[in-house]
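Peer 1: Chains as they are written, first to last, in this note's numbering: chain Z, 113 to 386; chain A, 822 to 1157.
Any given hint could turn out to be false.
Straight-line C-alpha distance at most 16 Å; calculated EDC-like pairs for lysine to aspartate or glutamate [said to hold, decoys possible]: (1) Z/LYS371 to Z/GLU358; (2) Z/LYS228 to A/ASP1019; (3) Z/LYS206 to Z/GLU302; (4) Z/LYS152 to Z/GLU190; (5) Z/LYS228 to A/ASP1027; (6) Z/LYS228 to Z/ASP314.
If you want the footprint, here are the derived chain A segments under chain Z, 3+ residues with CB under 8 Å [said to hold, decoys possible]: (7) 989–1000; (8) 1044–1052.
Pair ranges (Cβ atoms, derived) [claimed, not checked]: (9) A/ALA980 to Z/LEU258: 46 to 54 Å; (10) A/PRO957 to Z/LEU258: 53 to 61 Å; (11) Z/ALA193 to A/LEU864: 35 to 43 Å; (12) A/ARG1052 to Z/THR370: 34 to 42 Å; (13) Z/GLN227 to A/LEU953: 38 to 46 Å; (14) A/PHE917 to Z/ALA255: 50 to 58 Å; (15) Z/SER174 to A/ALA1127: 45 to 53 Å; (16) A/ARG941 to Z/GLN227: 27 to 35 Å; (17) A/ARG1052 to Z/LEU258: 26 to 34 Å; (18) Z/ASP212 to A/LEU988: 26 to 34 Å.
For the record, the hints were derived by calculation from the structure and aren't laboratory data. Note that beta-carbon positions come from the ideal geometry of N, C-alpha and C, so glycine has one too.
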Amino acid sequence: MTAVTDSEASLRLRGARAEGGAEATAKMSAADLSAWFGDKQALRRITLPLIERKVTAIIGPSGCGKSTFIRCMNRMHEVVAGARTTGDVLLDGKSVYGADVDPVRVRRRVGMVFQKPNPFPTMSVRDNVLAGLRLSGIEPPDADALVEEVLVQAALWDEVKDALDRPGGALSGGQQQRLCIARCLALEPEVVLMDEPCSSLDPIATAKIEELIHDLRDRYTIVVVTHSMQQAARVSDYTAFFYVGELVEYDHADVIFTKPSDPRTEDYITGRFG
Amino acid sequence: MTQRALSTPPRLPPRSLRASVEGNGSSVDRAFGAVGAGAAGALGLVLVGVAASVARIAWPSIQATGLSFVTTSVWDPSRGTYGALAFVFGTLVTSFIALLLAVPVALGVAVFLTDLGPRRLQRPVSSLVELLAAIPSVVYGLWAALVLAPILRTTVQPALAAVGGPLFSGPNVGFGILCASLVLAIMLLPTIASVSRDVLRAVPADLREGALALGATPWDALRLVVFPHARRGIFGAVLLGFGRAIGETMAVAAVVGSRADISPSLFAPGYTMSSVIANEFPAASSELHVAALAEVGLLLFVVTVAFNVAARVLVARSREGSPRASQAGAGSGGAA
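The shape of chain Z in the complex, shown without the other chains (with noise of 0.2 Å):
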């Protein structure tokens, strides 16, 4: 993919190697990126790597920023009233912020997956899985194979198969949050934002879009924002612990997890606090 520039070489993870000695790549990165809700901030100076199809899981307490950071990535958090960002985010080396980019292309390149299970209660599950592509005016010439083939990825299809046609509020709430991975993996997105993807679902619903996140790892380059050490630890490569807004401490996962260099990650991690 795009090469490292100089001005992100300083966001190269330290020492960070990929399996197979080719050197880590930020296919997303923050710099000194801060946000606003109006007077409050929200986010302060972030800058940080999200390596290219890799998993990074960003912890922390409940309003911390963690979710404030990934809406900053796709220009969602711009979507509240009175919500401003300084910094910036770069997307293959450029800026997602730049004054001619129109944040409806970015958000088709940077997908997202939000908290509360949301598909479309009006349209059918298979209407949800191409309703990315109809809003973006493309009628797919194969529909019926693309929706196969996200659903197969999103490992939902053998579940619905035979209920295309129903509503997709009508699904579990575990089925709902796949539909909604799979409504954005239709879009083929390059980088996938997950927004505590499992805190509204049971612990099987859980584990199935965990080892989805998994699955999906290959081909896209994954965010998760959770509030779930464990979940955290399971599916990520890399773990970026937010406090208060800042960032605290960010690095491979199982150096967080074993021995993580802040005492305040420590203190988090161990259950001190949070």
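Chain A: place on chain Z using the hints.
Peer 2: Below, chain A without anything else, positioned relative to chain Z:
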């Protein structure tokens, strides 16, 4: 379903606590319930009572004219001939044209206020809409008679007449169906706009965000996600506007032309159910004339109530009864 079977059953609070939460056995609750039921019952009584007493006054006319009251259009109190079809026609035509003109603009305003407009303009425009709705209708009528009708006569109607066709032909006096329809449209605008705005606001934010996150433009999100979700409520808003148009009296009476006529031309003077009552009732001489006007009132009452009930049911359903993703969250798991 398998997920549900395997997950732990939901925990219920201890029995004693549940009893106190669910029980409504206290005497205060019972008394409160009785007061509420009484108030609700009184409201129903008023509705039925008004309908019944209007029907009683109208009875001589109902007996004398029978079905011809709603199938003929000759209305001549001096000869005792009462056919109300022209009033029904005038009411429906002016209301329909008013909706045709008002709905697109009102929906545009609603969308501006919820999704597309700049945020700092949304609050002032919102207040402006409420303010427009608060202007008494007789003021609109005065304005229409003194300002709107002359403009129609000198500018608009000659231009339309140049287009031609049966709709735009006939005498050009300014007062008539078109003028009444226009003033009605202006009066409906705030009603339809504010109810539609509320309906659009009630569409869950996570659906809008879901669409935007898929790379939808704000307009696409509206078209493909928000409007389908809100369509029943918007239809209810339109019906509510229609109900208001049907019942509107003073503004229409001022400009409709007051002639019991059924003409295809929009320039022609007409009459509506409400304006004939307002105009003729003070001077009604015979008992039959009064009864006939009461029967027009009864007709109007029935139509208005029917539209309002239909509108309210639709709006309420779109707010509460629509399928929502949230309901199928964690524990419920229900693919029912």
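Peer 1: Determine for every hint whether it applies to the structure shown.
Peer 2: Verification of the supplied hints:
1. For a cut-off of 16 Å, the pair hint linking Z/LYS371 to Z/GLU358 is broken: about 20 Å separates their Cα positions.
2. Restraint check for Z/LYS228 and A/ASP1019: the C-alpha separation of about 23 Å exceeds 16 Å, so the hint is violated.
3. A distance of roughly 14 Å separates the Cα atoms of Z/LYS206 and Z/GLU302; the hinted pair therefore holds under the 16 Å criterion.
4. Of the supplied pair hints, the one linking Z/LYS152 and Z/GLU190 holds, its CA atoms being roughly 14 Å apart against a limit of 16 Å.
5. Between the alpha carbons of Z/LYS228 and A/ASP1027 the distance comes to roughly 8 Å, so the proposed pair stays at or under 16 Å and holds.
6. Taking the CA atoms of Z/LYS228 and Z/ASP314, the gap is about 13 Å. The hint holds against a cut of 16 Å.
7. Coverage of the region 989–1000 of chain A by chain Z is violated [criterion: at least 3 residues with CB-CB distance below 8 Å; count 0].
8. Note: the region 1044–1052 of chain A has 4 residues with beta-carbon separation from chain Z under 8 Å; the three-residue rule is met and the coverage holds.
9. A C-beta distance of roughly 52 Å is found between A/ALA980 and Z/LEU258, which places it inside the suggested range of 46 to 54 Å.
10. Checked against the hint of 53 to 61 Å, the C-beta distance between A/PRO957 and Z/LEU258 comes to roughly 58 Å, which is consistent with it.
11. Against the hinted window of 35 to 43 Å, the Cβ-Cβ separation of Z/ALA193 and A/LEU864 comes to about 39 Å, which satisfies the hint.
12. About 55 Å separates the C-beta atoms of A/ARG1052 and Z/THR370, a value inconsistent with the hinted range of 34 to 42 Å.
13. Checked against the given bound of 38 to 46 Å, the beta carbons of Z/GLN227 and A/LEU953, roughly 40 Å apart, stay inside it.
14. A hinted range of 50 to 58 Å is violated for the C-beta pair A/PHE917 and Z/ALA255, which are about 40 Å apart.
15. A hinted range of 45 to 53 Å for the beta carbons of Z/SER174 and A/ALA1127 is consistent with their spacing of about 51 Å.
16. In this structure the supplied range 27 to 35 Å holds for A/ARG941 paired with Z/GLN227, their Cβ-Cβ distance being about 29 Å.
17. At about 27 Å, the beta-carbon gap between A/ARG1052 and Z/LEU258 stays in the expected band of 26 to 34 Å.
18. Range check, Z/ASP212 to A/LEU988: about 49 Å between beta-carbon atoms, so the 26 to 34 Å window is missed.
Hint compliance for this structure: hints 1, 2, 7, 12, 14, 18 are not met, and every other hint is.
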